[in-house]
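Now for the letters of each chain:
Protein chains: 2
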Amino acid sequence: LKLKFTVVEGSIVAPRGFQAAGVFCDIKRIGTGKGSEKGQKRDLALIYSEVPCVAAGLFTTNQVRAAPVTVCLRHIAGGVAQAIVVNSGNANACTGRKGLRDAEMMARQTAAALRIPPEHAMVGSTGRIGVPLPMGNVRAGIRDAVRALGATPEHAAHATEAIMTSDTRPKQIAVEINLAGATVRIGGICKGAGMIQPGMSASGARPPARPGHGHATMLAFLTTDAAIGRNDLQRALEEAVALSFNRITVDGDMSTNDTVLLLANGGAHGEVGRKGRRADLRVFQAALNHVCLELARMIVRDGEGVHRVVTVRVEGARSGAEADAAARAVANSALVKTSWHGGDPNWGRVLDALGYSTARVVEGRVDIGYSEPGSRKVLWSLRRGQPTRAPFKDLCAAVAPVEFDLHIRLNLGGGRAAIYGADLTEAYVDFNKGNIADPASLGG
Amino acid sequence: LKLKFTVVEGSIVAPRGFQAAGVFCDIKRIGTGKGSEKGQKRDLALIYSEVPCVAAGLFTTNQVRAAPVTVCLRHIAGGVAQAIVVNSGNANACTGRKGLRDAEMMARQTAAALRIPPEHAMVGSTGRIGVPLPMGNVRAGIRDAVRALGATPEHAAHATEAIMTSDTRPKQIAVEINLAGATVRIGGICKGAGMIQPGMSASGARPPARPGHGHATMLAFLTTDAAIGRNDLQRALEEAVALSFNRITVDGDMSTNDTVLLLANGGAHGEVGRKGRRADLRVFQAALNHVCLELARMIVRDGEGVHRVVTVRVEGARSGAEADAAARAVANSALVKTSWHGGDPNWGRVLDALGYSTARVVEGRVDIGYSEPGSRKVLWSLRRGQPTRAPFKDLCAAVAPVEFDLHIRLNLGGGRAAIYGADLTEAYVDFNKGNIADPASLGG
Numbered sequence: 001l002k003l004k005f006t007v008v009e010g011s012i013v014a015p016r017g018f019q020a021a022g023v024f025c026d027i028k029r030i031g032t033g034k035g036s037e038k039g040q041k042r043d044l045a046l047i048y049s050e051v052p053c054v055a056a057g058l059f060t061t062n063q064v065r066a067a068p069v070t071v072c073l074r075h076i077a078g079g080v081a082q083a084i085v086v087n088s089g090n091a092n093a094c095t096g097r098k099g100l101r102d103a104e105m106m107a108r109q110t111a112a113a114l115r116i117p118p119e120h121a122m123v124g125s126t127g128r129i130g131v132p133l134p135m136g137n138v139r140a141g142i143r144d145a146v147r148a149l150g151a152t153p154e155h156a157a158h159a160t161e162a163i164m165t166s167d168t169r170p171k172q173i174a175v176e177i178n179l180a181g182a183t184v185r186i187g188g189i190c191k192g193a194g195m196i197q198p199g200m201s202a203s204g205a206r207p208p209a210r211p212g213h214g215h216a217t218m219l220a221f222l223t224t225d226a227a228i229g230r231n232d233l234q235r236a237l238e239e240a241v242a243l244s245f246n247r248i249t250v251d252g253d254m255s256t257n258d259t260v261l262l263l264a265n266g267g268a269h270g271e272v273g274r275k276g277r278r279a280d281l282r283v284f285q286a287a288l289n290h291v292c293l294e295l296a297r298m299i300v301r302d303g304e305g306v307h308r309v310v311t312v313r314v315e316g317a318r319s320g321a322e323a324d325a326a327a328r329a330v331a332n333s334a335l336v337k338t339s340w341h342g343g344d345p346n347w348g349r350v351l352d353a354l355g356y357s358t359a360r361v362v363e364g365r366v367d368i369g370y371s372e373p374g375s376r377k378v379l380w381s382l383r384r385g386q387p388t389r390a391p392f393k394d395l396c397a398a399v400a401p402v403e404f405d406l407h408i409r410l411n412l413g414g415g416r417a418a419i420y421g422a423d424l425t426e427a428y429v430d431f432n433k434g435n436i437a438d439p440a441s442l443g444g
Numbered sequence: 001l002k003l004k005f006t007v008v009e010g011s012i013v014a015p016r017g018f019q020a021a022g023v024f025c026d027i028k029r030i031g032t033g034k035g036s037e038k039g040q041k042r043d044l045a046l047i048y049s050e051v052p053c054v055a056a057g058l059f060t061t062n063q064v065r066a067a068p069v070t071v072c073l074r075h076i077a078g079g080v081a082q083a084i085v086v087n088s089g090n091a092n093a094c095t096g097r098k099g100l101r102d103a104e105m106m107a108r109q110t111a112a113a114l115r116i117p118p119e120h121a122m123v124g125s126t127g128r129i130g131v132p133l134p135m136g137n138v139r140a141g142i143r144d145a146v147r148a149l150g151a152t153p154e155h156a157a158h159a160t161e162a163i164m165t166s167d168t169r170p171k172q173i174a175v176e177i178n179l180a181g182a183t184v185r186i187g188g189i190c191k192g193a194g195m196i197q198p199g200m201s202a203s204g205a206r207p208p209a210r211p212g213h214g215h216a217t218m219l220a221f222l223t224t225d226a227a228i229g230r231n232d233l234q235r236a237l238e239e240a241v242a243l244s245f246n247r248i249t250v251d252g253d254m255s256t257n258d259t260v261l262l263l264a265n266g267g268a269h270g271e272v273g274r275k276g277r278r279a280d281l282r283v284f285q286a287a288l289n290h291v292c293l294e295l296a297r298m299i300v301r302d303g304e305g306v307h308r309v310v311t312v313r314v315e316g317a318r319s320g321a322e323a324d325a326a327a328r329a330v331a332n333s334a335l336v337k338t339s340w341h342g343g344d345p346n347w348g349r350v351l352d353a354l355g356y357s358t359a360r361v362v363e364g365r366v367d368i369g370y371s372e373p374g375s376r377k378v379l380w381s382l383r384r385g386q387p388t389r390a391p392f393k394d395l396c397a398a399v400a401p402v403e404f405d406l407h408i409r410l411n412l413g414g415g416r417a418a419i420y421g422a423d424l425t426e427a428y429v430d431f432n433k434g435n436i437a438d439p440a441s442l443g444g
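Read top to bottom, the protein sequences are chains A and B. Just so you know, we're using our numbering here: the first sequence kicks off at 1 and counts up by one. Just so you know, we're using our numbering here: the second sequence kicks off at 1 and counts up by one.
Hints are supplied without guarantee of correctness; some may be wrong.
What the hints assert, rightly or not - In silico DSSO-like pairs for lysine-lysine, Cα to Cα no more than 27 Å straight-line: (1) A:K393 <-> B:K98; (2) B:K393 <-> B:K377; (3) A:K98 <-> B:K393; (4) A:K393 <-> B:K28; (5) B:K393 <-> B:K4.
Simulated from the structure, these hints should not be mistaken for laboratory data.
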């Protein structure tokens with residue numbers, strides 16, 4: 001399927017009938033706690049649909065689950081949502097029963113202000129772990145955000161800013177496609193930076209075949225004006241996340257808060273997935289895959305301390321699961337990641353990581369090479385376990401760009417997988433070691 | 001069992017009948033290739049017993065297995081050894097058929113010079129991956145080493161120096177115990193530094209229940225003058241390694257070359273393990289455990305860039321395997337390791353890592369605390385998932401020393417495990433990113 005789409009402005013408010021806001025309410029308690037300090041990064045976001053939406057979601061499989069994730073799991077069981085309220089600066093994770101009451105309160109206060117049922121409000125949080133939410137500030141923020149709602153690209157930009165933590169850049173996108181004669185839009189915003197290797201599922205329960213992956217809070221909120229049934233929407237989101245957010249790693253740490261939500265309000269009257277509309281569903285899926293992959297790659301590029309971004313492409317594994325395991329072992333190896341940082345075409349460390357992965361690997365069959373991002377023109381450094389004659393300076397040149405693809409062929413079967421990874425730099429260590437002179441940077 | 005032992009000088013030559021040597025033969029080809037350049041670190045070690053020994057060994061479970069490991073596995077099948085030849089500067093890993101021929105040649109040349117059967121010579125290598133061994137230099141080194149053999153502590157120190165790579169300090173120990181009225185000694189030397197999370201087994205095959213762990217070459221060579229049968233010796237070594245070398249991690253990367261060998265020549269006439277000597281076997285085991293744990297902890301303390309050493313002690317897991325998985329998730333988490341570097345008592349990151357481990361974890365049951373090494377006086381920061389009232393400055397003080405224990409109680413069962421880990425520092429990243437202006441630091 002060749003996807004035809006147009007990139008449009010406005011991210012989450014590009015689809016008809018959606019509004020957004022982002023305000024400052026001093027969740028980190030750096031100032032007075034009033035909701036309007038000038039020049040401060042916004043820290044509370046609100047996304048609202050003028051009509052109830054069909055809702056789909058995926059959540060962290062970390063057994064230590066933040067309170068907002070628990071609330072989302074309860075509320076999304078009904079399949080309908082109309083608002084998403086999100087704060088940054090405090091993850092409301094490891095906060096016990098009070099944390100759960102606070103997350104429920106966030107939903108209730110948002111719903112009351114918008115005059116919707118509480119279970120139609122979804123909740124997200126990201127930031128420090130183990131500290132109670134300052135609920136007075138949150139309440140003031142929700143009140144301000146409801147007043148500030150609007151449907152311009154600036155409103156969406158405010159919401160995007162409000163969910164950022166250690167992100168250095170806002171991450172947003174919207175595309176327009178044609179579905180059954182109607183113009184349908186899909187928009188999204190996300191945040192990431194550290195503790196990034198998500199492994200999300202619909203229930204938060206782990207798929208039996210896959211140990212928990214992922215580490216950093218990543219949040220992604222998607223909107224569409226397509227008219228689509230709940231099961232189709234959930235299945236579409238699961239496929240898109242499996243190919244994007246669940247395929248990235250910055251530091252191999254899976255967060256307690258990872259959340260992806262997708263709201264469809266039918267505002268475009270382009271119906272998807274009904275009888276005879278399978279082609280439309282495929283177009284919708286392709287567009288959603290594109291939106292999620294673009295957002296996911298923005299997270300890797302803006303990961304904490306990241307200098308180089310590397311796509312690890314494994315082919316020829318005995319199965320897709322083994323290809324995934326092999327690619328993750330390479331993308332999470334401290335020695336491989338530091339070699340990427342140093343511009344070192346070090347196939348020995350790659351082969352070593354493959355060897356200790358849970359995938360079956362036969363040294364004498366392994367090919368390792370490099371290409372430009374997405375290119376099939378590969379410079380092989382290793383063929384069938386033996387170094388090629390590729391000049392060392394050419395290999396160095398291949399790993400010098402800030403983005404490149406690492407190709408691995410195990411030559412044992414048909415399994416393939418890609419993992420979007422990054423280097424490990426002194427800047428990552430420096431950022432995450434914290435500063436004990438500043439207790440706010442530490443603990444939780 | 002309360003072990004009574006005396007620490008003695010001479011490490012691997014402390015047991016009667018063993019000799020050692022360490023020479024320079026320019027394996028890295030930094031000089032002329034002559035075996036006698038002044039002031040260069042020695043790079044070829046030889047350990048020799050005047051009589052044939054009962055031999056036991058454990059080897060990396062990495063599927064990419066270096067040539068010397070393959071040769072050791074073949075030779076140790078006979079159960080007898082009389083010499084170990086080891087080079088540093090080149091791992092002879094990922095070197096294909098030529099690498100295997102070279103490793104066999106090392107054994108053959110050593111055996112010929114010592115007039116022993118080739119299969120009684122064991123081989124070890126550590127250093128750069130993917131580069132053929134300079135066999136002319138190796139041959140000269142073996143010749144020089146055989147001539148240099150001797151039984152003084154200085155001879156053992158030369159061998160210890162010769163196996164070092166990025167190690168900054170030699171690692172050696174010997175103890176003396178009383179067995180059945182005889183004075184028996186156990187000595188050992190080892191090296192580590194980077195690519196350190198060994199997961200070794202007797203056959204190099206993986207135990208089905210345990211995915212491959214470990215990453216850095218670690219080599220350990222042990223000698224004893226106890227008289228002990230092969231099966232008892234192998235079992236004793238397996239227990240000792242399970243409690244020591246297989247419980248350390250510096251960077252989570254398991255090497256292609258990890259090797260532990262133990263040679264017993266019976267020179268003390270203290271027989272162990274025969275009928276009625278079970279008590280002796282327990283004493284021998286306790287002494288061997290002590291020797292291996294001391295050596296293993298030296299590797300962690302001298303790991304690449306390591307500033308702080310942390311023992312992660314997990315109790316109350318549903319099983320020992322789950323305790324091990326939980327402790328490894330914590331000890332290998334980039335975010336936990338950077339917090340150790342920063343002196344940050346960050347229980348949130350510990351809880352997050354526990355949550356994504358493959359061990360069962362219930363947030364509301366977890367206790368997290370700190371103590372001095374080996375102490376049971378724990379300062380708890382988290383009890384049953386909730387922060388305690390321990391003052392932040394006291395928690396900071398608990399994680400400030402260069403060694404401390406991190407205590408985790410899952411309160412779900414009786415499984416326990418300890419992992420000896422370390423912090424992640426800018427120095428580790430800087431060291432391992434290499435220097436592309438110096439190609440010798442890169443590739444393989």
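To see whether the hints hold, each was checked on the structure:
1. Of the pairs offered as hints, the one joining K393 (chain A) and K98 (chain B) holds, with about 25 Å between alpha carbons and a cut-off of 27 Å not exceeded.
2. Our distance criterion of 27 Å between C-alpha atoms is met by K393 (chain B) and K377 (chain B), whose separation comes to about 17 Å.
3. Simply put, K98 (chain A) and K393 (chain B) have alpha-carbon atoms about 25 Å apart, close enough for the 27 Å limit, and the pair holds.
4. In summary, the hint linking K393 (chain A) to K28 (chain B) is supported, as the alpha carbons are separated by about 20 Å, within the 27 Å threshold.
5. With a CA separation close to 40 Å, the supplied pair K393 (chain B) and K4 (chain B) exceeds the 27 Å bound.
Hint violations for this structure: number 5 only, all remaining hints satisfied.
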